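Keeping their order, the protein sequence lines are chains H and Z.
The opening position of the first sequence corresponds to residue 968 in this note's numbering, with each subsequent residue numbered one higher.
The opening position of the second sequence corresponds to residue 5 in this note's numbering, with each subsequent residue numbered one higher.
Worth flagging that the hints you see were computed from the coordinates, not collected in a lab.
Keep in mind that a hint or two might mislead.
Beta-carbon label-pair distances, calculated as ranges [what the hints assert, rightly or not]: (1) H:Pro972 <-> Z:Arg337: 44 to 54 Å; (2) H:Arg1173 <-> Z:Tyr348: 52 to 62 Å; (3) H:Ser1285 <-> Z:Thr311: 53 to 63 Å; (4) H:Ala1210 <-> Z:Pro114: 41 to 51 Å; (5) Z:Asp64 <-> H:Arg996: 47 to 57 Å.
Given the structure is predicted, the values throughout are model-derived calculations rather than measurements.
Glycine included, each C-beta is placed from N, C-alpha and C at the ideal position.
One-letter residues, chain by chain:
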Amino acid sequence: MGYQPIPLESWKDCKALNNEYGQRISRGRAAGRLVGWMSAVVSPEITWAFEVVPIGGEWYGAIAADWQQEQVDLSQAAEDAGYSRELCAYARMSLGSMFSGRGPLGDFPKPDFVVGAKGGCNIQIKWYEAIARRYPVPFLVLDTPYSPDPEEYHLEYYLSQLYEYIAFLEEVTGTKTDEEKVVKSVTTAFRSSDVWDEIMELMKARPCPISMKSLYSYMPAIVNMAATPEALALLTKLRDELAQRVEEGAGDVQDESIRLLWEGMPLWYKLDFIKYFHENGASFIANGYLSGWGNIFRTFGDDVPTSFGTKIWTEPNSLREAVLEVAKRYVRGRGLSHRIQSTIRLAQEWEADGVIWHSNRGCKQVASGELDCRRSLQEETGLPTLLLEASMADSRDFSEAQMIARADAFLEQVRQRRRESKNVGKVQR
Amino acid sequence: MFTSFRETVESRHNHARELKAQGKKVVGYFCIYTPEELIHAAGAVPVRIFSCEEQPTQSDAHLQPFFCPFARSILDQGLKGRYDYLDGLIAPSTCDTLRLTYEIWKKSIPMPFFDFVNVPTRVDTVNARTFFVKELARLKGALERAYDTVITDDSLRRAIDVYNTSRSQMKELYVLREADKPIVSGTETLLVVLASMLTTKDEHNKKVKELLEKLPSRSNPPSCDTRLMLVGSEIDNTALLELIEGELGALVVTDDSCTGSRYVWDNVTTEGDPLVALAGRYLDKIPCPTKHPPERRFQHILEKLKTARAQGVLLAFQKFCDPHSFDYPEIERLLKEAGIPTVYMEVENKIAPGQIRTRVQAFLEMVELELV
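For reference, chain Z alone in the conformation it holds in the complex:
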């Protein structure tokens, strides 16, 4: 049921090249604050750039070792020409590291089109909204010029519709996982979400619709000994979850991560001016730690914990990720207050299975003891 999603993720470059062979433009992005709907409305396919397991070699000449493995990996791949098929690269204003990685990429790796989208850091004010609508209007113009097209209100509304459908469908997977016996695992959900970021949303929507129809009758539902929540920064491969859900027999029943619930939770309103609606969605969505104020994310974590009845939380952050690291003590405190045990681990582009196995095993034993 998940084979085609896995194939898309594992052969992402070939898949992107196939899209190009079909005459489509493919635009790379780093982070989910990129307003993909506008790219889609410009007739291009937004494709998220993920890390790979290869140890970076060329990015060391640009980024010191204390930058997150994600940034170093994506820059390394860029420098090695792995993304030379891209018709453009767009980066939003979120963390310092990615903003500067974009600048280094722009200086070192030619692309037909570059854009830096000034997503406000403050997401709760009218002034930020006004500013962001203007910034999106600017981006719209830049995309139109770059791809020789016109983005009308209607074409933007259609793009929003496709994306809303995509998000709603993937959110269904989260609802299914809240059941006593979830019929879909964390790994499988992650595959679906990652695949959605690597292909045309229209095609992906069809596949997910079929998946949702088939799932209730699946003959091999995941086993669920312990229900876990994943709270993470950027997790762009399934190795960690496969280890936890496979070998160690736990089930990740919900999450707060940018390749997870933070991507699918919030839709764009279909009322009013579509550009204004789009700006509103990106500002109102569950925030990443780079946005202020952070409380909506803390609430989301506690809500998901409750509705999915998670028994423990896996905190998995990119090594050297400052924004997540600054929020970590508060999240830890809230979870402690809620009586939920946690285990913390640092994530790199290639996980160290031995270490993780030991820590998570010990954690699961502790969770089980607490239940008893």
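Isolated chain H (complex conformation):
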């Protein structure tokens, strides 16, 4: 039959919002707003309450990776400057763009300030140090304490840094904090997360109403712009149209016969790879990287370790309450056992027939533990699994022929298991 998806109604709004994010940078600078290079985990909730233009390094890395042949040139520029090819591919995209002066938005957008954060990994700090080194602009680093079981003093440490960030933005912009804006920004961001959770939930439907490929395009809305009313409106629109599809039984892959969990980062330069699965009747119904942008503890319920009751957020009425909600979000229990539990829960609750891990070369944080995660999931659920070695943003580490061969074998394994299984579609418990 072939893969013939129904176009999403919210798609053009999504494209418009994404373009807007890019154009803000040039427009913002022309309007005298300051451009800040920062990680996505530098509280966008607080950032958007100030008149600055944030550039998310990960977002830039993703669009640069999609820049076809030029993306290899960017990495080469970083390598020529002494940054090893073994380093994080996102970092090589921004650094290569910085050294060559060009990138997916045209000229490299120079920072007026830089903020690094150890939210995703320690390497993000090194990445932003490298950017800040080249430009003598204000530079701040936020240190998220990682712990499997954080206590009050972990939260206090991060909270004190959020206030440091606010003071930093005041100084950089020469303005005073507008408390109402912070409250509004935080509230909007959390509401966006709620909607995102609902979208994740809707993907439990059979057939799954949206392709993971399309969903990646909505990521800037939830990752970088969640604090804006426009992003909330877009996500709400997407949720509503997906809910409609679910009611009508309309799926993205209409002849869906296989449901897969994808673990790890996307292959930003080759998102079409997902279509290959769709053409073989397979949907991707969940992805830890996607669901992590929601209120993941809400999605999963009570028995996943949490901290500070982040399952339910409290609507803030003051700056103090708003900043505390943000802190509670970022200082949560994390570690290998959390990750394994989360992955198994995703596979079970979303009723996956198989799991694919993307072993992202150069990405220590995400790649380590994957092999243990895979083993634990196999033991717990008996699901067929596949480990694909590639890179999220370096196409040279991707071999299409190899991927297709492995995907074919894997899909056959999944089909075989479904044929043999008495409870078709249900995972072993």
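Place chain Z on chain H using the hints.
Showing chain Z alone in chain H's frame:
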């Protein structure tokens, strides 16, 4: 003079077992941001886990090939039961790889006690200090419970004293190497430092004191054709230095590495609350690239270069070591600005002597030409 140090390094497991036979508890650690003084004050012996030359076989099931050889080797040894005598394992928050290697170890290799110490990434703020003091207080409580002991301020002060003595004495070796004709080599210094991480500090202090007394009258000082500085990540065996100082006739007169000057340079202040003092030392010490801000390390490198009058720099990093790799371009730039030639090499748990020989030989020739 260095035989007993070499023996400790080469028979580390037997040595650890001997300590256990004496009734001591032995606690393993990966990285020098582990607050060893607290372990010592708990009556246990901190023992650093080093890589070995054996090719990993079992760790491949847990860590992909693009993780540093150090992590893969230590996990492999853990999985093979080489460290089954440990009474505990403590890992600090430094690089992602070691943090995750600790988690994998914790999941796969039972130990009587595990602890992850949240050393802040930012080392320059009051808030980080406040946080770290609380974290150390937590660790103190955990050690007390694990080893059924009480760590008093006095016992912590005594531990700090032992460690300060250890560091000061080893730092003396660095001072001796700054002389025109150093009486101790880089290899020998490394042996002393590595041995210090594998045994009780009290015993080691005695040996180093004796060594410092004997050294001025040694009859076989190392020869010194070219003075080199080693800037490295984790170097836990002497193979590389033995090749460079032995065959190739250069002398490593100073270093910036975690099994070198970064371990011995900074002491704990003896004023005020000992836990606060301890937190201060670990935050103020010459940082590893995983800590922010990095400038203190760059300054240290340039200072050591100057005081030891190194003529060239050997940059030896663990393969796939991201934090060091990110700092490398800046270090290279600073050294170039200072007019110092450099040679870069990747280090694995087993060195490839042929390759290193060729590169370093060519480098030494270039250094000599520049001098002329």
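Status of each hint after checking the structure:
| no. | hint | result |
| --- | --- | --- |
| 1 | H:Pro972 <-> Z:Arg337: 44 to 54 Å | holds, 50 Å |
| 2 | H:Arg1173 <-> Z:Tyr348: 52 to 62 Å | holds, 55 Å |
| 3 | H:Ser1285 <-> Z:Thr311: 53 to 63 Å | holds, 55 Å |
| 4 | H:Ala1210 <-> Z:Pro114: 41 to 51 Å | holds, 48 Å |
| 5 | Z:Asp64 <-> H:Arg996: 47 to 57 Å | holds, 49 Å |
In this structure, every one of the numbered hints holds.
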